[in-house]
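Construct all of the structure, not just a fragment, from the sequences and the given hints.
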Amino acid sequence: MTEKNAAAGGSACEFIAFRIGAQEFCIDIMCVREIRGWTPATALPHAPSYVRGVINLRGSVLPIVDLAERLGFPPIEATAREVIIVVQVGGQIIGLLVDAVSDILTQSTENIQPTPEVATDLAKSFVRGVLAVDRRMIGLIELDSLMSAQVEKAA
Amino acid sequence: MSITILTVDDSRTMRDMLKVALTEAGYRVVQAVDGLHGLEVLLQEAPRVIITDINMPKLDGFGFIERVREDQRFLGVPILVLTTESSAEKKNIARRAGATGWIVKPFDSVKLVDVVRRVAA
Amino acid sequence: MDTMAAIRETFFQECEEQLGELEVGLVAMDEGEADSETVNAVFRAVHSIKGGAGAFELDRLVRFAHVFETALDLIRSEKLAPTSAVLKTMLHSADVLADLVKAARTDEPFDETRVESLIDELKGLTGQSRDASDGDKAGEQAEPLDFQPVTLSIDDEPEPAPAATTYTIRMTPWPDLYRKGNETVRLLRELARLGDVSTACDTRALPLLDALDPEGAYLTWRVELATARNAATIEEVFEFVVDDCELEIVPSRSGATGEAPQLSPIPEIGIAPVAADPVDSGERSAGESRAQEDEARCQAPRAAQEAEKARPEQGKAEAAAPTIRVDLERVDRLINLVGELVINQAMLSQRVMEAGLARSSSVAAGLGALEQLTREIQEGVMAIRAQPVKPLFQRMSRIVRELTDATGKSVRLRTEGEATEVDRTVIERLADPLTHMIRNAVDHGVETPDVRAAAGKAAQGEVKLSAAHRSGRIIIEVSDDGAGIDRPRVRAIAVKKELIAPDAQLSDGEIDNLLFLPGFSTATSVSNISGRGVGMDVVKRSIQALGGRISIASRQGLGSTFSLSLPLTLAVLDGMVVKVADQTLVVPLTAIVETLRPKRSDVHALGLDARVISDRGGFVPLIDVGQELGYRKAAADPFAGVVLIVETEVSTRCALVVDAIHDQRQVVIKSLEANYRQVPGIAAATILGDGRVALILDIDTFVARTNRAAPTSETLLAATG
Chain A
0 MTEKNAAAGG SACEFIAFRI GAQEFCIDIM CVREIRGWTP ATALPHAPSY VRGVINLRGS
60 VLPIVDLAER LGFPPIEATA REVIIVVQVG GQIIGLLVDA VSDILTQSTE NIQPTPEVAT
120 DLAKSFVRGV LAVDRRMIGL IELDSLMSAQ VEKAA
Chain B
0 MSITILTVDD SRTMRDMLKV ALTEAGYRVV QAVDGLHGLE VLLQEAPRVI ITDINMPKLD
60 GFGFIERVRE DQRFLGVPIL VLTTESSAEK KNIARRAGAT GWIVKPFDSV KLVDVVRRVA
120 A
Chain C
0 MDTMAAIRET FFQECEEQLG ELEVGLVAMD EGEADSETVN AVFRAVHSIK GGAGAFELDR
60 LVRFAHVFET ALDLIRSEKL APTSAVLKTM LHSADVLADL VKAARTDEPF DETRVESLID
120 ELKGLTGQSR DASDGDKAGE QAEPLDFQPV TLSIDDEPEP APAATTYTIR MTPWPDLYRK
180 GNETVRLLRE LARLGDVSTA CDTRALPLLD ALDPEGAYLT WRVELATARN AATIEEVFEF
240 VVDDCELEIV PSRSGATGEA PQLSPIPEIG IAPVAADPVD SGERSAGESR AQEDEARCQA
300 PRAAQEAEKA RPEQGKAEAA APTIRVDLER VDRLINLVGE LVINQAMLSQ RVMEAGLARS
360 SSVAAGLGAL EQLTREIQEG VMAIRAQPVK PLFQRMSRIV RELTDATGKS VRLRTEGEAT
420 EVDRTVIERL ADPLTHMIRN AVDHGVETPD VRAAAGKAAQ GEVKLSAAHR SGRIIIEVSD
480 DGAGIDRPRV RAIAVKKELI APDAQLSDGE IDNLLFLPGF STATSVSNIS GRGVGMDVVK
540 RSIQALGGRI SIASRQGLGS TFSLSLPLTL AVLDGMVVKV ADQTLVVPLT AIVETLRPKR
600 SDVHALGLDA RVISDRGGFV PLIDVGQELG YRKAAADPFA GVVLIVETEV STRCALVVDA
660 IHDQRQVVIK SLEANYRQVP GIAAATILGD GRVALILDID TFVARTNRAA PTSETLLAAT
720 G
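Chains as they are written, first to last, in numbering that gives the first Met the number 0: chain A, 0 to 154; chain B, 0 to 120; chain C, 0 to 720.
It should be emphasised that the hints constitute simulated quantities derived from the structure, not laboratory data. Small disclaimer: the values here were computed from a predicted structure and weren't measured. Honestly, I wouldn't trust all of these hints.
Mimicking PhoX-like on lysine-lysine, the simulated pairs with C-alpha atoms at most 25 Å apart in a straight line are [what the hints assert, rightly or not]: (1) C:495 to C:463; (2) C:87 to C:463; (3) C:598 to B:89; (4) C:389 to C:87; (5) C:389 to C:101; (6) B:89 to C:78.
Every beta carbon over 12 Å from chain A, so not counted as near; a handful from chain C, in silico [what the hints assert, rightly or not]: (7) 199; (8) 339; (9) 376; (10) 413; (11) 415; (12) 616; (13) 672; (14) 676; (15) 685; (16) 704.
We treat Cβ as the ideally placed atom computed from N, Cα and C, and that holds for glycine.
Have a look at this one:
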């Protein structure tokens, strides 16, 4: 499942790629704690719409973020087919709701290209670059700003 | 086999400090929290050297030393007294009770180990 | 952690314990209930602090502790009578010592004048002159230093010779020297370290073998030492043994001469080491006669017996329970894990029940046993983090002392139930509210001595602080024997501050509760004792934030009592599990006053869309929880559901409409903020038996957000009922 690129300088990183709708994105594997199937979340009152609620992860309360909605796409229809990628962002653990995990990529950081201008503002604030793999364009998602930035506005 | 030293002091801080200084110098340290406890540990461990404080509950340093000196089995065990008071009077009392020598608090580890080496050969 | 830093931490922890002992002991002495052991313990407490402080070079602390200790030493040796004036100074000193420890711990500056004046006072008691040494650091060193010529020895050394001088040292050790664990060999070795030595042994006094006492001393040692060091250094070698031998140190200018009869170097005399080397610990060296052995054997058991005898005497009084020290982090982790265990056990029970297996008696019995066991483990683990309230109460003791001085009133603090244990987390957050209450009791409760005398009361007032376990909670009471709440005055102030209507009819209890209203403070001027007129409303809020309740009872002329009821721990919560829309919520039990099925005749419309419900002669706003939390658009039909009457921190009441009550249970509190953030209206979360997360309602923020809790005077009237 891995794809190697001639790493001419730069450091090699591993990424987990996943699908949201018809598009593919990826995140640094170092942030990923685990991958789970979907479980129904308990709704949080007055939360931004992209926060689906909270679930129980072995005794901890974990917020679930609909990544599609966060990126500005229509919200994901959560069913048992969906996947939750549990990531660590800063000192917090959150769950990202995506459609499916597609790949594990090994890429050199050199290969990260800047996000094309056609992307929406919302997408641009979270996608810090793109990787060209096998004629697929995979957006690299920056997690740090995921929960902050516009969050205050929505609350 | 390293030499065993019994430290008797009701202050946890002091016990910790003694233990650190002595262990670093290669000694094995066993502890007691007052004179009475010291007598118990003494019988269990038969240490080579004893370091004891004076002011302790239940049985103070002087009482402890006297008891140890009465016990033939521990004849000649060096007993060092920890004292914050370097007055001659206190030293004399310690001597008369049977102390081998003394260490003045606050001690620095070098001096402590030095004195211990002097009496522990 | 760096070792020294760890030991320093230990030291400060130990200081806290010592300060506690000091306080208890001094108070006992003040009340005439002390014995000699108490006085000794008090002395030792200060002595210990001084010792440790010296090790960490906390000079200010050492200096004060030394003067304090000196005074206490005089008391314990009965050279200074512990009059109440003297004890007052001692208690002050204990307070200052505590402050100095605190300042030393955080490396803060300190008000020197306080310390100085108290030092003068102490010195006045001990008769020390102002100029006498304050005993800084290690105190007066009577021992000469290496490089200082000190003339202590029998022979004078005119001047330290730059070149090596030869000394002749003659030493005849006496038996005591060996008894005390000293050895000639070691002394000779040390001399050898100072320079060049040649040693001779005079064995003329040595008797024949059968007359030899193995513990006797018959030898005289002569050492010629060529050294650049001075006589003082040489004397230092003998400092431990100087009383136990005949010692002569003579500088010989003309080289080594003198009598040297029967010169034999040490190793060649076979017998000598036997006599010279006493038994090592536990070992019997060679040359003992049988008689000696038997004698020793008789003596040893005697010594052991004595040790045994001494122990039960003390042992009976207090069997010191062995303790261990554990990292708080480990305990917290353990408590979390046990919380998980509780949740999982509940989940298991539920799943088994759902699967219909519970009917089978063996499974039910097994589950029941598991639940019982889990509960016991949880209690046991909670108990680890439980601490006695004693240190907290002792802090109050000091506050009362300070207030007594500042207000000119005479008040003493009595405590009860100091050994009652409460979870750390609760104790830490009790300190402030308790302080306020004690301050108020002294400031407002207890009258001045003349007023008390006029009322036929004892001049000294009493504030009683007690703690006890009662039905799974901690009950803490602060009561005073003062004048009780001045109800007319309280009422007048409430009217003035427009908290109640001028013609409102209030019962005594209702008037008392006015004290808890925010913005209420009987201090017409800011009392510098109670701070910025910190009122009981702040206290009540703090207590409620802990999941507790506070109530007041007062009798005119006799005094007032505040009762606090607190949960045993902050990790779990007693809650009512309710259904709202299709969500499960938990409502803290302590906030719920009443539950009811509303009657149509009780519900009234108010304004456009608000509703109120009758409650004890008044009306309270009706709030639809599902709608407020955004679970449903339109308000639910209250008559199809259940109404919970809840009381907020500001003593207002609300009626919450929920769909149904599920049950009442203790839930483990899970943080929402750890991975998310604070949600207004929600206090925290918990995990139910089905594994799902349920939110715990925060009554105060929830009600505040609804914006309908602003009470009218009628509503307020009802609320304080």
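Please flag the earlier hints that this structure goes against, numbers listed from lowest up.
The structure breaks hints 1, 3, 8, 13, 14, 15, 16; every other hint is satisfied.
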